Each structure stands twice: as C-alpha cells, then as structure tokens.
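Take the given structure of chain Z and dock chain F to it, following the hints.
Residue numbers (full-length UniProt numbering), protein chains in the order written: chain Z, 1 to 303; chain F, 1 to 303.
Hints may be right or wrong, so weigh each one.
Given that identical chains are not distinguished, each listed pair holds provided it fits within a single copy or across any two copies.
[To be verified] BS3-like cross-link-like pairs, simulated, lysine-lysine; straight-line CA separation at most 27 Å:
#: 1; residue 1: 84; residue 2: 203
#: 2; residue 1: 77; residue 2: 159
#: 3; residue 1: 197; residue 2: 84
#: 4; residue 1: 186; residue 2: 203
#: 5; residue 1: 279; residue 2: 140
#: 6; residue 1: 72; residue 2: 164
Hints were generated in silico from the structure; no laboratory data involved. If you're wondering where the values come from, they're calculated on a predicted model, not measured in any experiment.
2 protein chains.
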Amino acid sequence: MSLIVTGSIGIDTIHTPTGQAPDVLGGSAIYFAAAASFHGPVRLVGAVGDDFPDELEKPFHHFDIDLAGLEKRQGSKTFRWTGKYLENMNDRETLSVDLNVLAEDLPPVPEAFKNSEYLFLANTHPGGQLALLEQFPAAKLTVADTMDLWIETEPDLLKTLLGKIDGLVLNDSEAHLLTGETNIVKAGEAVLALGPKFVVIKKGEHGAFLLHADGAVALPAYPAKDVIDPTGAGDTFGGGMMGYLAASGGDTSLSSLKKAMAAGTVVASYNIESFSLGKLMEIGKSDLELRHSEFAAMLDVSE
Amino acid sequence: MSLIVTGSIGIDTIHTPTGQAPDVLGGSAIYFAAAASFHGPVRLVGAVGDDFPDELEKPFHHFDIDLAGLEKRQGSKTFRWTGKYLENMNDRETLSVDLNVLAEDLPPVPEAFKNSEYLFLANTHPGGQLALLEQFPAAKLTVADTMDLWIETEPDLLKTLLGKIDGLVLNDSEAHLLTGETNIVKAGEAVLALGPKFVVIKKGEHGAFLLHADGAVALPAYPAKDVIDPTGAGDTFGGGMMGYLAASGGDTSLSSLKKAMAAGTVVASYNIESFSLGKLMEIGKSDLELRHSEFAAMLDVSE
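Next comes chain Z alone, as it looks inside the complex (with noise of 0.2 Å):
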C-alpha cells in the first residue's frame, strides 16, 4: 500500500491528574503513522528543527515509515505542545504553545512519494491542504482532518476542499461547528451534502459516528480502565482506519468503513494506555487483531 500522511510532529510536554510526561514525542503526523504502519509502511512528510534530539527519533525507526519526507530543518525549532489533563482525562486545556517551524512552508513532496494512492491531510489550513493534494494525482482514496480554527476563518477555502476529497474525519463539536446541526446524522447529512462520500465523527471516550450514502454506523470507544494519556487518541484513530482502508485496496463500501473504524478504535485504545507512543511500541499486529476480535464479539448482540 502506498499511504501518505502530512501533518506535525513535536515534542510535548503532558501532565495528567496522575502523572506527567516531559518532552516526549508526539503530533498528528507521528501518531497517525505509527498508528497506521501496523497495516503497512507509511509514508511521512513533516519537519522538525534542529533542536531535535536524537532520543526521540526512536519511534520514526521502529514503525514501518518510509522518512524520505522527514526534514530536520537547520535554523528552526521543532514544534512544541504542553497540554493539562483535567479529572475526567476527556478535557485538556493548552498550557503554551510553539508553533515554530510549523509556521513555516511544508518540506517538499519527495518525488518518490508523488505515486501515493491513499492520502491523508492531517489538520492544517485547507489552502495547504489543498495544494498537497494536487501534488498525488494517483490518489484513489483522500481523506482529511480539519479543527475549529480553519471552520471559523477558512470557511470558503475548506468548502471548496470538501468538494475534493472522499472522506472527512472530525471531532462532533466541530461537526456542530461546520454544520450548525446538534443532531449527529444531521450533521452528518449536511457534511455530505458538501461534497464527501464519508464522513466519521469522533466523539472520544464516546466512540465514533460514521455516515455513508448506504447507512450510518455509531460504535462505542473500546471501555477503557486505565487511561495514562488521551494525546493522539484521535490521531491514531484516523491512523488504524486510514492503514486499514489502504491495505483493503480503498475499498470504501459501509462494511470496510465501519470494520476501518473498529481498528482505529483499537488501535486507540492502546495508545491512551501509556505517554507519547509506548504502549504502541510494545505491541504487535497479533495485539491489534485479538483486541478487534474481542470488540466484535462485545458487540455482538445478535439473536
């Protein structure tokens, strides 16, 4: 499969009511792939700085991910996130933020990468997203992410990036933001109704909602005890649906749809069990596979 992912990766700092991690891996990007490779490589395009250590390229090497795109930027710092959990480990407030060389251009496209058939457009501005897009003629199957921020000032440009793409994957409040429906199938209907074939809304600890032209699908989130860190819950979401959609050849029928949900589901559910990408580090495809196992059968509630 040739799966590409845009989007950042940073060094976070995280506190959570029970623990915190310092300078540790993360962004979306990094999530996604690593989340994504247990599928098949993967193929990454970001930047970081120079101040990039050494330590945290660890994870870049133990995942199936082709870094051809990866630019360590001389003269730019590496994006960084610190972030506060509260209690309920379902809210974080932002402590600071350094966008660095995330305000910066995009490192280029590697020629060998411009074949790309399975393209994902991590949450950036729709104007950048756009003219990745351009860049994978080959794209068979397109999906993008997008936040709050880009709803509120880049409505026009995000509409247009709508009408572009197969699938769209967003939080339910963003869902509300973009669609100005409370009710999730509506929301759903209105996001369809600007041009995507898919839509899924994730919903945290509450699962994820998908709508397709054949049906809508709710699944729960895998019940989850211990909870370390929710950072990249989302990202590794999209990560296991996206590398479970390309190795099944793009197949984007409701059924393939959902059973890419359920992986993502899983695959998130073992990244929130450590910081950054330990768990993940640990754990096999045999893992990913008993899990899934085990969350169709709690599922099962046929007669």
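Same frame as chain Z, now just chain F:
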C-alpha cells in the same frame, strides 16, 4: 413472565425546540411498563389522582399491562411535570414539578402480584424501594434505578439496597456521584463492590455501559435523526431491558444482559420519535425485532 414495576405515573407538559405537548401521559412507570410489555405482560403498581383524565388512560389498556395495582386516589392530585429541552435535545430544564400523589403513600401491592419473579424498583426513596423489596419473596431478579437526590441524601439506605438487589441502572453522572470515579469502568467496579451482580450505566445519546463479573460491554445508541421528545428514553431503555430479561427466564449472563441492553436501546429509539407514548402505540414486536436486527448488523465489525 411475572414482571412488576413500581414508579411514577404523571401528566407531563413538554417543550422542545420544535414543538410542544401539553398534558400528555408520562412518568417512569408507564414508560417502563409500555416498553417491557412487548416481551410479555407487566404488572404495574402506582397511583394517580382523581383529576386523571379518562383520555390519558388509553395507553394503559393498549399495552399488555395488568392494572390491578393502579389506584385512582380520591382527594389526591396526579403528579405533574413540565420540562423544556434545550437545542441539543439532550439537556433539559424542569420548569415546574408538583409531586402531588407521589408525595403520599404508595398504593398497596395486590396479593396477586406478590408472587412476582422479576422486579424493577423505579427511582424513588431507597427506603421505599427496600420496603417494596420485602413484599416480593419470590423475586428471582431485582433491578433498581436511583437518582442524584438519593445518592446525596440517603447514601446509607441506598447502600443497604445495593446489597440486596441483582442489578442497578443509573446515569453516568449519577454513577460518578455515587462512586467518585470519572472513568466509567472504575465507576462500574465501585458499584459492583457495593453488592449488585451487574450495573448498567446510561449515557443518553452516547449509549450505555454494562459491567458484570464476566466483562464489560459498551453499546452506542441507535443513530436517531428525528428526535421529537427524549422524555422516557431512560425508562423505556430500562423497560426493554427488563422485559427481555424476564422473557429469558432471568438469564443474567453477560451475553443475555447485553442483548437485553440492545432491546432497551431499540425500544428507546422508537420512544423518542414522538411525544409521550405515541410511537410505542403505533409499533409492534416485529418492528422491534427488525430494528434489533438492523442494530446488530450495524455493530457487526467482525473480520
């Protein structure tokens, strides 16, 4: 099956963002009984006042409900509740409440009901629930509901009750209040430590969670687009669940309980499609079976 329910019967006036329904039949016991009656006959114990209008009695006779324990008390007034749902159709405000007959003694349990095997103690003072429990020596399966008021004001009596029942049904915010745990799995474990064999934590539009010695089950709600009135969703969920369990002979295995939750989910999804019991009076058991099949198919994520 000999399933009995006690609880409120009232006259509701409901305001939603899209409409209103003045002076319609409501109350936890009638929603519960109607939903449970699709699985078999239900015995109802409850009281209304002498102001209770004949035209609101129609649902009592439509469903398979034994009314021997329904008292129309002379000189008393019927419980009344007026509520307003906010734009999101989940949060609501109570505009007025008149306990009336609910503040008086419960009607006596008819002798013919005392051999009931399946007992649902709808939300009321835990002292009242304990007193009721003693009147059903043949009970094989006892499930109770409760609320924040009793958790805060009668914690000791509530804990005594929890030591004597098989299952507890409550909302997520109530589970947090009762146990101090924000994580739903940990909250469930803390409830089981107080005595019940299982606990079902209701999450409204986000579904429901079951914890049992043999495992945990999270189910989503059925994706509902046309929500007219959420009143009674939790009570019909409980009724569908308990009706299913009674019809199964009181099988409280994990597998039976999760199918019972699915039955509750499905009947609640119909209930919210109309004000009061309108929709439940239009459908039959085959509608529930069809939607149960659709729900099970939606949740099939097996490889």
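Taking each numbered hint in turn, which are not upheld by the structure, reported in ascending numerical order? 2, 3, 5, 6
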